[in-house]
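*Asks:* Here is what each chain is made of, one letter per residue.
4 protein chains.
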Amino acid sequence: MNRNDLRGKKILALVSGGLDSTTIVRWLSASGIDVTALTIDLGQPDEKNLDVIPARMKAAGAKEALLLDGKERLAEYMLQVIRGAASHEGGYWNTTGIARMATVAVALPVIRQHGIDVVTHGATGRGNDQVRFELALAMLAPEVSVYAPWRDEEFEAELGGRRLMIQYCQREGLQVTATEEKPYSTDANFCGLTHEAGRLEQLTTPSDFVDFIMGVSPMQAPDKVEELTIRFEMGTPIAVNGESMGIVEAFQTLNRIGGRNGVGIGIDVVENRRIGIKSRGVYESPGVSVLAYCYEKLLQLTLDRSRRKLMDVISRQLADAVYEGEWFSPTSASLLQVTEGIAQLATGQITVGLYKGNIRFVAAKDVPHSLYDEAGASMEKIGDLRHTWAEGYMQIADYVARRMAVAGQTRKP
Amino acid sequence: MNRNDLRGKKILALVSGGLDSTTIVRWLSASGIDVTALTIDLGQPDEKNLDVIPARMKAAGAKEALLLDGKERLAEYMLQVIRGAASHEGGYWNTTGIARMATVAVALPVIRQHGIDVVTHGATGRGNDQVRFELALAMLAPEVSVYAPWRDEEFEAELGGRRLMIQYCQREGLQVTATEEKPYSTDANFCGLTHEAGRLEQLTTPSDFVDFIMGVSPMQAPDKVEELTIRFEMGTPIAVNGESMGIVEAFQTLNRIGGRNGVGIGIDVVENRRIGIKSRGVYESPGVSVLAYCYEKLLQLTLDRSRRKLMDVISRQLADAVYEGEWFSPTSASLLQVTEGIAQLATGQITVGLYKGNIRFVAAKDVPHSLYDEAGASMEKIGDLRHTWAEGYMQIADYVARRMAVAGQTRKP
Amino acid sequence: MNRNDLRGKKILALVSGGLDSTTIVRWLSASGIDVTALTIDLGQPDEKNLDVIPARMKAAGAKEALLLDGKERLAEYMLQVIRGAASHEGGYWNTTGIARMATVAVALPVIRQHGIDVVTHGATGRGNDQVRFELALAMLAPEVSVYAPWRDEEFEAELGGRRLMIQYCQREGLQVTATEEKPYSTDANFCGLTHEAGRLEQLTTPSDFVDFIMGVSPMQAPDKVEELTIRFEMGTPIAVNGESMGIVEAFQTLNRIGGRNGVGIGIDVVENRRIGIKSRGVYESPGVSVLAYCYEKLLQLTLDRSRRKLMDVISRQLADAVYEGEWFSPTSASLLQVTEGIAQLATGQITVGLYKGNIRFVAAKDVPHSLYDEAGASMEKIGDLRHTWAEGYMQIADYVARRMAVAGQTRKP
Amino acid sequence: MNRNDLRGKKILALVSGGLDSTTIVRWLSASGIDVTALTIDLGQPDEKNLDVIPARMKAAGAKEALLLDGKERLAEYMLQVIRGAASHEGGYWNTTGIARMATVAVALPVIRQHGIDVVTHGATGRGNDQVRFELALAMLAPEVSVYAPWRDEEFEAELGGRRLMIQYCQREGLQVTATEEKPYSTDANFCGLTHEAGRLEQLTTPSDFVDFIMGVSPMQAPDKVEELTIRFEMGTPIAVNGESMGIVEAFQTLNRIGGRNGVGIGIDVVENRRIGIKSRGVYESPGVSVLAYCYEKLLQLTLDRSRRKLMDVISRQLADAVYEGEWFSPTSASLLQVTEGIAQLATGQITVGLYKGNIRFVAAKDVPHSLYDEAGASMEKIGDLRHTWAEGYMQIADYVARRMAVAGQTRKP
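Protein chains in written order, with the working numbering: chain Z, 1 to 413; chain W, 1001 to 1413; chain X, 2001 to 2413; chain V, 3001 to 3413.
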């Protein structure tokens, strides 16, 4: 799609409010296109003041400019990701991917109410975010088209590059903060931060090159264990350290506690992007990391051997689905039925100790669906499970194994 | 199988040399059974002196008593586990499971040369080790039977319990170290330690209750980052910090460095045993943990998106196979073909920083099969991959996604 | 468990009514044990008259003897198996396995109302049915124990074998039909028949050695195509050939039509039993085979590429779960959430032609969730999807593939 | 890529020799581009005379025109597909997909010897074949580019459509067989035929609308069972009906026998293309279908329960890899290690009866790695496996199942 295809249509621009946003909104408006700008408040920890963005977008030419709160939606989706154990390759908690899903979901009523024809976004042609925005949109609002300026040869030729955009805005008399170029780029919401590109592309730049925002590195954290207790009710954290709270507040509380102890700060991954190329990311997600550890401990107590294996398979697929923008797909519907079903069993209280980047298990209590059974697991004292039963069990297992050996099928040592 | 079935047969007792070993060897020998005792040196970090065990076993009644070195074999298998990313549920590196495989493999020539009819071991009827010893044996030596005293009602009635065994040995005039009963039990080899049972069965006992042997807890580690470089050649670590060494020495070196930095010390898991019951283990595996982290970083650089997914599935299955004693099975043959094949690409040098239980990536160099491509991944500078190509890519992806929405198949936000 | 453990307990015997049933009921009753006999009507096509069984069981000594209808339950479960595409190794439709689940489910209220302590069944110690009966029971009624005479050494010594049982019944004055021994054994219900053992154990006995009961072999079927149309509503067959009917009647109707055309008659499989040994089965399931083919065609129209792959994985696991008696397990709960969720999309009408064992697709109509799109799939006429979009798509795909080649990772031809 | 990008480059055109081939070769040559035409003999059953194609291509303007034999290569790859049980969705044996792989592999030396810069093919922008040709090329010859005229807007505008191409060739004085337009299109090689598009796009057109070429429909086949025996040696068919032959001849022989009995004729599938849209295909593959059935029977005898499950997963992924042109990918390398490893066990002789589209098992003989064991599987006669062992086995299984029930995790009936 090119800019020419937009004439006479109503455009919604998903904007973060920075240089790209200003440039795109102006560039489109200047050619007579009707642009509504929409910014979603996702509790971006690197942003002081989202409230000023609508005015800035109007100044850039937007007919209308909105700011909507997406924090509840993001928290709800993020919790489903955690319940799905859906961290992506190398342990990245998919915090940017899932935020794109929340953004589109929150934008949906605006699209409908404003009769939007085309949505535009500032994602480039080589990253994951174009895929995420567009697949979510296509699945939720199939009647809407997408215009991606970075894939438009005209835009790329005229404005492709930071310097060109600054010059353009200055020519147009638009105020753009002449921030010094950072040595890497950051995407943020209250669930996590993604740092990538720039100097981080070199595999000899360590993750601590990054200025962490949601917490400190383990080296900067206090030399003292901080204990923390989370109470879950059917998969939902309902209290932290005995204090009841909603899930947005729970994430924020866990961010603070995890962040100051260096937990989930600087997760460093070389990963496969949707289109197939590799990229490197350095991630922060203190609250998510703590919550996920505690939830996993509940799963260890409640998942039997067979369902553990199933969950392991399902969680890898769900991780890909989130990462690749397929959150609203039929496959995700199936995957989430499994993981949300399992979440119904995840009730209980987990205490951990946080220490300089480490999470260590301290205690589990009140887990009604636990399969763990002190008597049954004991070597010393036998509850119901008798040692001698194993004789028959093992005879059968050995018989089958011997049969494979006799058939010449087993490996040599 | 009962003791009576052993008359006139040649028995091989796999013995660690402690109270159980002494008791079983004497109990069998005393009824006229021909017992050969075999101890495997696996570099047990909790044992001072394995050399005295044969004499002790002879004193207990063994006709013959041998001590064999299994360290090379164990290192070889453990490396295959690491290449297979085959950590079990919750991140346990399967160090005890794989050691059972090495034990049986090293025992095999003894079985053949001594014309052994029956192998006996001291594993109980509720744990994994009975399964591991016996399946490995059945697959490598199907003509040999197994006798497990802990599943023999006669043995259990007469000697089932620590106190009964001590009294028996004293009555028989056998020297047994009157060690104070530990509050948990430990299994050890130079790849790792397993602590379980006793006080650890209570889920309110934290892992730091354990006296760590292979290193210190993160809280005791020095407040200083220690850098470490491993060079891999086709999946094999060939040098640590620039010094060439064999794999046994590599594990031992990494144990020292990792252990003193609290890395891989106190991995705490509630897991599903083979027979289906849950148990809790607290694990130490400093060298394995460091090596596995570095190997995984090579995989991140070399595995494409599709093979990453395959590897994730395969590694879960291999982890189960090791844990459950199926190392020599036809399925393991298939799984290892995949993971050993992938290892052929794992050449390169990885530097990490160790700090109080944390491993942080520092640098990757000289990775000839890397798919990571600074130009290709860059947002700024485009090598061959053009932004505008993505327009067609996304149009097709969007088309397919819209088709699903129109058919009423996508999820609601 | 031995017969002695049964004194003073209330026993429920699941009985089919034949020689084994009579023998077991008498053998237990004769030693003073309180036996209730329960027979479930599953529309067994090889049984003339189930009504006489209760009287026969009472004559054998049962305190009480019941006959309950399980056809609705079986049809409901079987449909879930079909929706799950859960045929087992080699295409066996799990008709016996699922019938065991229905039997236990129907027995459950009897167990509760009669205060049953122990359930007994006539399954042997080497087959799958012991596992199926017992796991289903353990999952639905964990407070109940199981007694399996064929695993009781006393029973095996005294009555283990057909001749011994006949002699016993004659001595006890019990009427047993002196049926000639069949050259194989059969298990039956209205969903399918299983033939195994005896002459069928020889792999040189072809399946046509069996006397088919639910239909004819393809060679005996008429030389004429018979068309058949099934209408599904959210996964449920609601009409056959335009005639509305419930699912029991649908299965029976499809049995008749499929059976007379040799469809699903003589499915011949060597399979892995739960305990690990192999066995051979020859199966009949005409109605199930026809229904499953038509349902699969609906799946072909509605499952996208990604969910197709997921479904393929899930269906293999569900097949194992049914085969191995895990129908009520937590894992099955997860698997069925996926397959039953997908079934919600399976609305439409499928016409097939049946001809001498073949099922051939004739037409699909009125499939509202279909993703098939004549315009979109056409080579000739392009709806929305433009040929030129593929240029960008392919450039990206080619770029990624070339990168793998340059890194030395691709295979040689 | 556009025609303009081809100036001064050496082009290899992969041509079948028909209207498209003639048009493309002329259209490129006419603008001064240096075209070498290459046709691969894959035993196309619908082609009388491939030998005349080079002359026709030269007449159309090709500088050079070659005909190479690809039958051995195709047979080798097809056998690997069969060993991998890699039939695609709905049972399509991937015969067209794998032929594209053979074509590229056979073209490779030509590309190298002629210093080819760009390869061109006649596949459209909406099908699978563009993906297959190009990924295979990218993986084997990453230095070579691809030009796809059907994705070139200039070509599409000028020549996009059958009528336009005929008129163009007539204007250019090129002889094109004025064949009547068929109501569907066909792709062929000696392993199989694919019919699609045209009238077949309507889901009310039955498969028998197709004029079958490799055999007859079941309805036309003789009313008589024809028996057939294949002997495999480590996964390779080495004799059919006792006569030794190479694999090309084996496929051809099985095509004849299978085809005349209506086996593998008219496989009818709605499938998901690589790019995500659905299409319908009607397939013929008599020889492949027979061979695959017999090979599967060997797998039934040799694969244990665990490796059967692994194989089921691997075969689905291999099927996708073939279908989607990833045959030379790193993932396929891993998948084929598994399936080719398993093939080493597949030795033995299988006899089947073919009858009007049906394949029925008759006998298996001389299978040295078979796990099937008449004694072990028998209900009557016990070899080594004792009924009473199952008591312990079941007690443990029941204990674990009861534990899940008590924890409130099992399903309700």
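Just so you know, the hints here were simulated from the structure itself, not pulled from any lab data.
Quick reminder that beta carbons are idealized off the backbone N, C-alpha and C, glycines included.
Treat the hints with caution; some may be incorrect.
[What the hints assert, rightly or not] Which chain W residues face chain X? A few, computed with CB under 7 Å, are given here: (1) 1181; (2) 1184; (3) 1203; (4) 1212; (5) 1247; (6) 1363; (7) 1365; (8) 1369; (9) 1374; (10) 1385; (11) 1395; (12) 1405; (13) 1406; (14) 1408; (15) 1409.
[What the hints assert, rightly or not] Straight line, CA to CA, 25 Å or less: simulated BS3-like cross-link-like pairs of lysine-lysine: (16) 1058/W <-> 1071/W; (17) 1309/W <-> 2309/X; (18) 2048/X <-> 2071/X; (19) 309/Z <-> 3412/V.
*Asks:* Under 7 Å, Cβ to Cβ, is where residue 1408/W needs to be relative to chain X, so tell me if that hint holds or is violated.
*Replies:* Result: holds, 6 Å to nearest chain X Cβ.
*Asks:* Just to be careful: measuring from the Cβ of residue 1406/W to every Cβ in chain X, is the smallest value less than 7 Å?
*Replies:* violated (9 Å)
*Asks:* Could you check if residue 1385/W really has its C-beta closer than 7 Å to a C-beta on chain X?
*Replies:* The hint holds - residue 1385/W has a Cβ within 7 Å of chain X, the shortest such distance being about 5 Å.
*Asks:* Minimum Cβ distance from residue 1212/W to chain X below 7 Å?
*Replies:* Not OK, violated: residue 1212/W not within 7 Å of chain X, min 35 Å.
*Asks:* Should the hint that residue 1374/W touches chain X count as held when the rule is a Cβ pair under 7 Å?
*Replies:* Not OK, violated: residue 1374/W not within 7 Å of chain X, min 12 Å.
*Asks:* Tell me if residue 1181/W is really an interface residue toward chain X, meaning its C-beta lies closer than 7 Å to one of theirs.
*Replies:* This interface hint is violated because 35 Å lies over the 7 Å limit.
*Asks:* Classify the hint on residue 1405/W as holds or violated, based on whether any CB of chain X lies nearer than 7 Å to its CB.
*Replies:* Residue 1405/W check fails; min Cβ-Cβ to chain X is 11 Å, beyond 7 Å.
*Asks:* Minimum Cβ distance from residue 1363/W to chain X below 7 Å?
*Replies:* With Cβ-Cβ at 19 Å, over 7 Å, it is violated.
*Asks:* Hey, residue 309/Z versus residue 3412/V, does the alpha-carbon distance stay inside 25 Å?
*Replies:* holds (22 Å)
*Asks:* Check the hint pairing residue 1309/W with residue 2309/X against an upper bound of 25 Å on the C-alpha distance.
*Replies:* Given pair residue 1309/W, residue 2309/X holds - Cα atoms ~13 Å apart, limit 25 Å.
*Asks:* For the hint on residue 1395/W, just tell me whether its beta-carbon gets within less than 7 Å of chain X.
*Replies:* It holds, given that the least Cβ distance between residue 1395/W and chain X is near 4 Å, below 7 Å.
*Asks:* Assess, step by step, whether the Cα of residue 2048/X is no farther than 25 Å from the Cα of residue 2071/X, and give holds or violated.
*Replies:* Holds, because 16 Å separates the two Cα atoms, which is no more than 25 Å.
Checked against the numbered hints given earlier, the structure breaks hints 1, 2, 3, 4, 5, 6, 7, 9, 12 and 13 and satisfies all the rest.
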